[in-house]
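Protein chains in written order, with our numbering: chain F, 1 to 268; chain W, 1 to 340.
Derived by calculation from the structure, the hints in this document are not laboratory data. Just so you know, nobody snuck in bad clues.
Think about it this way: if two alpha-carbon atoms lie no more than 20 Å apart in a straight line, the pair counts; the simulated SDA-like pairs of lysine to any residue are:
#, chain 1, residue 1, chain 2, residue 2
1, W, Lys197, F, Leu177
2, W, Lys197, F, Arg156
3, W, Lys155, F, Asp232
4, F, Lys163, W, Val194
5, W, Lys259, F, Gly186
6, F, Lys163, W, Lys197
7, F, Lys257, W, Asp302
8, W, Lys197, F, Asp168
9, F, Lys18, W, Lys309
10, F, Lys163, W, Trp256
11, W, Lys309, F, Val32
12, W, Lys259, F, Gly169
13, W, Lys57, W, Asp19
14, F, Lys23, W, Ser148
15, W, Lys309, F, Arg242
16, W, Lys155, F, Asp220
17, W, Lys197, F, Glu174
18, W, Lys197, F, Val151
19, W, Lys105, F, Glu174
20, W, Lys197, F, Asp143
21, W, Lys309, F, Asp261
22, F, Lys163, W, Lys259
23, F, Lys18, W, Ser281
24, F, Lys257, W, Lys309
25, F, Lys23, W, Leu149
26, W, Lys105, F, Glu152
27, F, Lys23, W, Glu304
For reference, the chains in residue letters:
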Amino acid sequence: MPETSGLRTVVCIKQVPKAEQLKIDPVKKTLVREGVESEINPSDLHALEMALQLKDKHGGSLLALSMGPPRFIQALEIAIGMGADKGILLSDRALGGSDTLPTSYALSKAVEHLGDFDIIFCGEETTDSSTGHVGPGMAANLDLPQLTYVVEVEVRDGHVRAKRAVEDGFEVWETTLPLVITVNHGCNHPREPTLLGKIKARTIGIIEDVNADDVGLDKDKIGLSGSPTVVDTIETVELPDRSGRIYSGEAREAVRKLLDDLEAEGII
Amino acid sequence: MSGARKSKGVMVFVEFRRDHIRRGSIQLIGEGRRIADILGVELSGALLGHGVEEYAKEAIQYGLDKVHLVEHPILASYAARPYSKVMVELVEKYKPEIMLLAATKNGRELGGRFYVHLQTGLAADCTAFRVSEEKNLVMIRPAFGGKSLAHIMCKKTRPQMATARPNVFPEPERDPKRKGRIIKENIELGPEDVDAKMVQFITHMEDEATRLADADVIVAGGHGIRRADTFGTLQELADVLGGTVGGSRKVVDLRWLPKDRQVGQTGKTVRPNVYVAVGISGAVQHLAGMQESEKIVAINNDPEAEIFKISDFGIVGDLFEVVPEMIRQIRERRPAKEPI
Ligand SMILES: Cc1cc2nc3c(=O)[nH]c(=O)nc-3n(C[C@H](O)[C@H](O)[C@H](O)COP(=O)(O)OP(=O)(O)OC[C@H]3O[C@@H](n4cnc5c(N)ncnc54)[C@H](O)[C@@H]3O)c2cc1C
Ligand SMILES: Nc1ncnc2c1ncn2[C@@H]1O[C@H](COP(=O)(O)O)[C@@H](O)[C@H]1O
Numbered sequence: 001m002p003e004t005s006g007l008r009t010v011v012c013i014k015q016v017p018k019a020e021q022l023k024i025d026p027v028k029k030t031l032v033r034e035g036v037e038s039e040i041n042p043s044d045l046h047a048l049e050m051a052l053q054l055k056d057k058h059g060g061s062l063l064a065l066s067m068g069p070p071r072f073i074q075a076l077e078i079a080i081g082m083g084a085d086k087g088i089l090l091s092d093r094a095l096g097g098s099d100t101l102p103t104s105y106a107l108s109k110a111v112e113h114l115g116d117f118d119i120i121f122c123g124e125e126t127t128d129s130s131t132g133h134v135g136p137g138m139a140a141n142l143d144l145p146q147l148t149y150v151v152e153v154e155v156r157d158g159h160v161r162a163k164r165a166v167e168d169g170f171e172v173w174e175t176t177l178p179l180v181i182t183v184n185h186g187c188n189h190p191r192e193p194t195l196l197g198k199i200k201a202r203t204i205g206i207i208e209d210v211n212a213d214d215v216g217l218d219k220d221k222i223g224l225s226g227s228p229t230v231v232d233t234i235e236t237v238e239l240p241d242r243s244g245r246i247y248s249g250e251a252r253e254a255v256r257k258l259l260d261d262l263e264a265e266g267i268i
Numbered sequence: 001m002s003g004a005r006k007s008k009g010v011m012v013f014v015e016f017r018r019d020h021i022r023r024g025s026i027q028l029i030g031e032g033r034r035i036a037d038i039l040g041v042e043l044s045g046a047l048l049g050h051g052v053e054e055y056a057k058e059a060i061q062y063g064l065d066k067v068h069l070v071e072h073p074i075l076a077s078y079a080a081r082p083y084s085k086v087m088v089e090l091v092e093k094y095k096p097e098i099m100l101l102a103a104t105k106n107g108r109e110l111g112g113r114f115y116v117h118l119q120t121g122l123a124a125d126c127t128a129f130r131v132s133e134e135k136n137l138v139m140i141r142p143a144f145g146g147k148s149l150a151h152i153m154c155k156k157t158r159p160q161m162a163t164a165r166p167n168v169f170p171e172p173e174r175d176p177k178r179k180g181r182i183i184k185e186n187i188e189l190g191p192e193d194v195d196a197k198m199v200q201f202i203t204h205m206e207d208e209a210t211r212l213a214d215a216d217v218i219v220a221g222g223h224g225i226r227r228a229d230t231f232g233t234l235q236e237l238a239d240v241l242g243g244t245v246g247g248s249r250k251v252v253d254l255r256w257l258p259k260d261r262q263v264g265q266t267g268k269t270v271r272p273n274v275y276v277a278v279g280i281s282g283a284v285q286h287l288a289g290m291q292e293s294e295k296i297v298a299i300n301n302d303p304e305a306e307i308f309k310i311s312d313f314g315i316v317g318d319l320f321e322v323v324p325e326m327i328r329q330i331r332e333r334r335p336a337k338e339p340i
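Same shape as in the complex, but just chain F:
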């Protein structure tokens, strides 16, 4: 029973560009990527925290898994700093250009390669591709139950009880291990990586590299050729040209000017 041996969890994390730093080049109308820092995808931090809380309670192992170029190691280091036991980076040139279909396939194969797990955690969505498809896609590939947008989870005797946030309220669901859970953004306060943890992350063997062959990927099912969707064009959005009459200074005077404007527009 997982209670006695602890829970074995894997948390899928992705390194993403910091959204607020992304800017559109005013002349070229393209995305400026230079000098943009990256971070762990925000909702993946919530997934890590949820998995860590289960580990605090039940013991067991927590593995952080990421698929991407070598620089994604940074995300794994942070995860280990927070308390993950191990990091796995699935990296291969053949994976370049993968959309969510091959991404969920590759991550599922990596999970199978790594062993048996009780819970596979994902964030609700990434800030750079924001689809939320990878979690359910892994559940489909691995033929597991899925619970998405989860804010709380409890495990007892192999049974899982989880609360998910939906548009008109919360739902409480019951299912059994193993399963895939995607974690709602903002549902907990992710802990800071500790210094000791960061040092541990530098230990040889704590982060393992695997490639497409190691996890047995079918090369036809990954990368650009394995991706059914293509991005045809990127259109820059012209935000509506706003007049931007911004007042500052003493509140009473600023409010008077603002209300004059609103009145002139027929708004009040």
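Position chain W with the ligands against the provided structure of chain F, taking the given hints into account.
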């Protein structure tokens, strides 16, 4: 991957929740109709549930040619595995060239599961569709937090699948005289298709009278309001402006505001006449839900806040001074304009 050759028609997943077809699905029936008409093909719906035949008729009245009705006790309320199984069977049987779902939370997790069994492409949270010259679907969605629009295509495989953001497409007129076919589907389901059960539902249903999506004026609060109580003052401002309150995700996550009041990428998309953003920084995910408002007014004490960049009007100042002052001065102006 199923070949493009024999696929035909547009199919919409008609999402039924407790006692109604969700608005996002109704809007999508309208958009599906438009696409089907351009292609000159049929528009069908997939309605799953138990005892829901009357809703199949309703869906037709919004513009479907036919409904595949799948009824079973196991389908009475949504669950990923059995719904996914049924959708895979329907798509394999009828081979639509386009499969659309509303990008509700359940729509997204359902689409994200069953497209894998179909081994096709799925574009998430689209806000517009076009049909290309070669009659492929161009699925348009905000990318990079709304700073650009990606045109996504799925040329090699069928169906071309997408989820579409609720409240972006207009709701089609309901025509009570419209006739269509209801096809009762027999799909076998058993206990092995049930792997999770919903045991409780905790609702905070929205009040129809103050629906965010339909409001002319929205006063939205962000993390800058510091306490849940401040919504009392924001409500007062909304009252004098004839509007309703909403907020950023941060205030919803803090439980200062119910989830159905959240504006943004993972909340509601709104386009009121006036959107007053109070103590909201203007994160891209927030802008994604309100940037098309007719007029945007921002109140923030940080002159560098992103929100000012897309505002028509604004005040750099402490909201705890500015908002009460606004309420006071609006009341002062009012009696002269409209006697009570
Ligand atoms: C996957 C994902 C989905 C998301 N979806 C959404 C979404 O749908 N909607 C959404 O809103 N966010 C969403 N977010 C979160 C988003 O990135 C921001 O974190 C959030 O919008 C910030 O909320 P805020 O503006 O209220 O808070 P903050 O960014 O903390 O801003 C508070 C503002 O208040 C101002 N302020 C503070 N004190 C005062 C004062 N006394 N007077 C005046 N101003 C003051 C500050 O200057 C600041 O600008 C999402 C994030 C992710 C990762
Ligand atoms: N390249 C990746 N490596 C590891 N996990 C990923 C990757 N891409 C997506 N995920 C996981 O899937 C979730 C949803 O991502 P997405 O479907 O891209 O929005 C993320 O929050 C991650 O947990």
